[in-house]
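Participant: Given the sequences, and given the hints that come with them, work out the whole structure.
The residues making up each chain are set out below.
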Amino acid sequence: MDFNDTKEEADFREEVKTWLKENASKGEKVGGRYDAIDVQEDALSRARDWQAKKAEAGYAAITWPEEFGGLGGTAIQSVIYSQEEAKYNVPTGFFEIGLGMCIPTMMAWATKEQNERFVKPALYGEEVWCQLFSEPSAGSDVAGVRTKAEKDGDDWIINGQKVWTSGAHFSDFGIIVVRTDPNVAKHKGLSFFFLDMKSEGIEVKPIRQLSGGANFNEVFFTDVRVPDSQRLGDVGQGWKVALTTLMNERLAIGVPKSADYSSLTRAAKEVDLNDQPAIKNDLVRSKIADWYIQAEGLKYTKMRTLTALSKGETPGPESSIGKIVSAPKMQDLASFAMDLQGAAGIINDSEIALLHSIFQSQWLSAAGYRIAGGTDEILRNIVAERVLGLPQDVRVDKAVPFNELPSGR
Amino acid sequence: MNFDFSEDQKMLKEQVSKFLSDNCSLDVARDILESDKTYSEEVWRGLVDLGLTGTAIPEEYGGLGLGALELCVVAEELGRAAAPVPFSSSVYLGTEAIVKYGTDSQKEKWLPKLAVGELISTFALPETNSEPTEKNIKTTFSNGKINGRKIPVADGSCSDIAIVVVKNTDNDHIALTIVDLTSENVKRNQISTLDPSRDHAEIIFENSDAELMDTGDEGWGAIENILNSAAVLMAFEQIGGAEASLNMAKDYALDRYAFGRQIGSYQAIKHKLADMYVKIELARSNSYYGAMMLNDGGADLKIAAAASRVAATDAYNFAAQESIQTHGGIGFTWEADTQFFYRRSQVLGLALGSSITWKNKLVNQLEEKNIS
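One line per chain: the protein sequences are H and P, in this order.
Here my numbering is used: the first residue of the first sequence is 100, the next is one more, and so on.
Here my numbering is used: the first residue of the second sequence is 7, the next is one more, and so on.
One or more of the hints may lead you astray.
List time: in silico DSS-like cross-link candidates among lysine-lysine, alpha-carbon distance up to 25 angstroms [unchecked claim]:
| hint | chain 1 | residue 1 | chain 2 | residue 2 |
| --- | --- | --- | --- | --- |
| 1 | H | Lys379 | P | Lys151 |
| 2 | P | Lys119 | H | Lys410 |
| 3 | P | Lys106 | P | Lys151 |
| 4 | H | Lys379 | P | Lys119 |
| 5 | P | Lys141 | H | Lys401 |
| 6 | P | Lys375 | H | Lys186 |
| 7 | P | Lys106 | P | Lys308 |
| 8 | H | Lys398 | P | Lys375 |
| 9 | H | Lys287 | H | Lys219 |
| 10 | P | Lys375 | H | Lys401 |
| 11 | H | Lys368 | P | Lys375 |
| 12 | P | Lys151 | P | Lys141 |
| 13 | P | Lys119 | P | Lys106 |
| 14 | H | Lys356 | H | Lys287 |
| 15 | H | Lys356 | P | Lys375 |
| 16 | H | Lys398 | P | Lys16 |
| 17 | P | Lys16 | H | Lys401 |
| 18 | P | Lys106 | H | Lys368 |
| 19 | P | Lys141 | H | Lys379 |
| 20 | H | Lys186 | H | Lys106 |
| 21 | H | Lys401 | P | Lys19 |
| 22 | P | Lys19 | H | Lys410 |
| 23 | H | Lys398 | P | Lys308 |
No lab work stands behind these hints: they were computed from the structure.
Facilitator: The structure is reproduced here in structure tokens:
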């Protein structure tokens, strides 16, 4: 057992290191947590420049086939590149959804001509893509979308609303799943399109989150006209196409680096509990140990996954536990760290609060991470069904026409 | 990146798994649970014949000379079968202690016999209802004799020799001794524990002959060292048991119908089993790192061993108790096999010291590494 690169991996890492050293900036990090209210045009423009450089060198899509502008490389090479790139302050956060979910869906379902038109501009950061799936009444049950598309000659007319759309305010194109037939069962009445986000009738509004930021949008569709040639898959086959996207989403969603056991240990050394450093308290120590085994457990689970990739094998199902563990840990650990501070735990002023209020801001945003990209509950269902082979819950919506399903708000 | 067991180690795992599924069904554990027998001699003999008791004993002393990683895969399968044998006492603890701290003549005298299963050994540490520490060890060694009482000693009635932790009154240091348990001045009483499918005893030493081992000036550090190695191996045994509990619960959830459908289709059950799976994988990943550190003699062994143990104890306790809960009433009956894992989870979870103690050790290491 070891964590070492193979000869080939080490060579690739060297190559990447050399390239990054010559091309990446060590300057201030830009991009990442873009804000939908305060659009950072210059951040997007810097991100585009970096993306173009990467694409030119082949590193923007290492695992894609060469015909699509990729490197035709392996998953482990892609991981190696990310590890090395993470050491630099390069822009991130603008193209991940497009390249991680939208374009792979296009590659699987669009025509050759369409891919020739769209893949390269996305890869080079010239065009940004977003994913229009969730709706106010279709979250975990994403196949329950109500946004409808009606045929009008060679076009479709879309009306409805999408929500939680990252990057819609700066996107050029989007992929969308809509209902084309409400008279058949839920999954059977869906169709899938890509569309120009600058089309007439599209209105994008930022959503302000509980944490104060605005990383997502609502997108309203009023008589938006989309040509039938932009349909991916057959009419009524939309769910099947959407699954291509969602499979990629499962791979893409994680939680950001956050305050962990080491920050908690530091906090516990700085604050007193019963007139001695809190770190001396056995309850505190017990909690630190619990979060240590979670954090380290995930770290070494990742090593197991990388080992499988390194050997060219498919990673085992253990890679599915990540967000089930990390998102609640973010919240619980932050909450406990605030509890350590007593009444001062409520102070969210980074000038005054312990460790620049990292626990307070983490606690606020953690509530969202337990929901984004699959709630804690949906992820447990996935483990139970796909890993353990347990049956699906009884579904009352399977054999009933969509427009006869009961609906609440 | 090669954070996995080798193909040879996986083959060994398969081989042990096959032997145990052919020869060590839970009926074997039930036989020990319901009888006066202290362990399954047939299963023990089979493990000996496979060479497993000598896995990590150097070849010069009649062992296979393999490393810790081989023992890890064996441990996992023993845990999965809830095997009623003194393997953990004799191999992870007794034998390992002699390999680490025996004098050359002690190694020559004892290891070949342990390798071929002619003798069974154990490790005798706790004495009271309090966790053992450097300060509370009362068993004494002086002039080649020991006096004191050890309880509970795992496999204490069926073992031939014990590595006994003592206070050496000549220098007031903690020391290790080897004691022949079959000699006259050793009294042994089998005791009732949560898990009668494994033997436990009270052992009273009255001027019993004892050989002092060579712990140099390590003192209590030698005890910690032995416990750290055993913690990693035991963690794999716990993971095996936890997985068996999860599989039993899963099979039952697929078979059992309530309110007109499989209980495994209810989210209350699905989420419970998913949580078991998550805890087991966290324990496995921590324990892989523990195994790597144990095998390489890595500097991180102390913290990795503590993390393996804390995670594996948590996973096994949770899986065993929630497996019974998933089974409902039938899981609480004497006839059901769920009890073996419920019992064993506590016995393994406490054998090397409590979670409270190991969590403390873990955070001590964090502080020592000054990780924050």
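Participant: Now, for every hint given, state plainly whether the structure supports it.
Facilitator: Here is how each hint holds up against the structure:
Between lysine 379 of chain H and lysine 151 of chain P the CA atoms are separated by roughly 40 angstroms; this puts the pair beyond 25 angstroms, and the hint is violated. At roughly 41 angstroms between alpha-carbon atoms, lysine 119 of chain P and lysine 410 of chain H are farther apart than 25 angstroms, so this suggested pair is violated. A C-alpha spacing of about 22 angstroms is found between lysine 106 of chain P and lysine 151 of chain P, which places the hinted pair at or below 25 angstroms, so the restraint holds. Of the pairs offered as hints, the one joining lysine 379 of chain H and lysine 119 of chain P is violated, with about 46 angstroms between alpha carbons and a cut-off of 25 angstroms exceeded.
For a cut-off of 25 angstroms, the pair hint linking lysine 141 of chain P to lysine 401 of chain H is broken: about 41 angstroms separates their Cα positions. Proximity of lysine 375 of chain P to lysine 186 of chain H is assessed by CA-CA distance (about 24 angstroms); at most 25 angstroms being required, the pair is judged to hold. Only pairs whose Cα atoms come within 25 angstroms are accepted, and lysine 106 of chain P paired with lysine 308 of chain P is accepted, the gap being roughly 16 angstroms. Distance hint between lysine 398 of chain H and lysine 375 of chain P is fulfilled; the C-alpha atoms sit about 18 angstroms from each other, no more than 25 angstroms.
Simply put, lysine 287 of chain H and lysine 219 of chain H have alpha-carbon atoms about 32 angstroms apart, too far for the 25 angstroms limit, and the pair is violated. Under the criterion of a C-alpha separation no larger than 25 angstroms, the hint pairing lysine 375 of chain P with lysine 401 of chain H is consistent with the structure, at around 23 angstroms. Distance restraint check for lysine 368 of chain H and lysine 375 of chain P: the Cα-Cα separation of roughly 14 angstroms lies within the 25 angstroms cut-off, and the hinted pair is therefore satisfied. About 20 angstroms separates the Cα atoms of lysine 151 of chain P and lysine 141 of chain P, which keeps this hinted pair within 25 angstroms; it holds.
Note on lysine 119 of chain P and lysine 106 of chain P: the hinted pairing holds, with a Cα-Cα distance of about 17 angstroms set against a maximum of 25 angstroms. As the CA atoms of lysine 356 of chain H and lysine 287 of chain H are separated by approximately 39 angstroms, the hinted pair breaks the 25 angstroms bound. Between lysine 356 of chain H and lysine 375 of chain P the CA atoms are separated by roughly 21 angstroms; this keeps the pair inside 25 angstroms, and the hint holds. Using a Cα cut-off of 25 angstroms, the hinted pair lysine 398 of chain H and lysine 16 of chain P holds, with the two alpha carbons roughly 23 angstroms apart.
Restraint check: the Cα-Cα separation between lysine 16 of chain P and lysine 401 of chain H comes to about 20 angstroms, which is no more than 25 angstroms; the hinted pair holds. In summary, the hint linking lysine 106 of chain P to lysine 368 of chain H is not supported, as the alpha carbons are separated by about 37 angstroms, beyond the 25 angstroms threshold. With a CA separation close to 20 angstroms, the supplied pair lysine 141 of chain P and lysine 379 of chain H stays within the 25 angstroms bound. Simply put, lysine 186 of chain H and lysine 106 of chain H have alpha-carbon atoms about 22 angstroms apart, close enough for the 25 angstroms limit, and the pair holds.
Pair hint lysine 401 of chain H plus lysine 19 of chain P holds up; C-alpha atoms about 23 angstroms apart against a cutoff of 25 angstroms. Note on lysine 19 of chain P and lysine 410 of chain H: the hinted pairing holds, with a Cα-Cα distance of about 20 angstroms set against a maximum of 25 angstroms. Proposed proximity of lysine 398 of chain H and lysine 308 of chain P is supported: the alpha carbons are some 18 angstroms apart, at most 25 angstroms.
In the structure shown, a violation is registered for the earlier hints numbered 1, 2, 4, 5, 9, 14 and 18, in ascending order.
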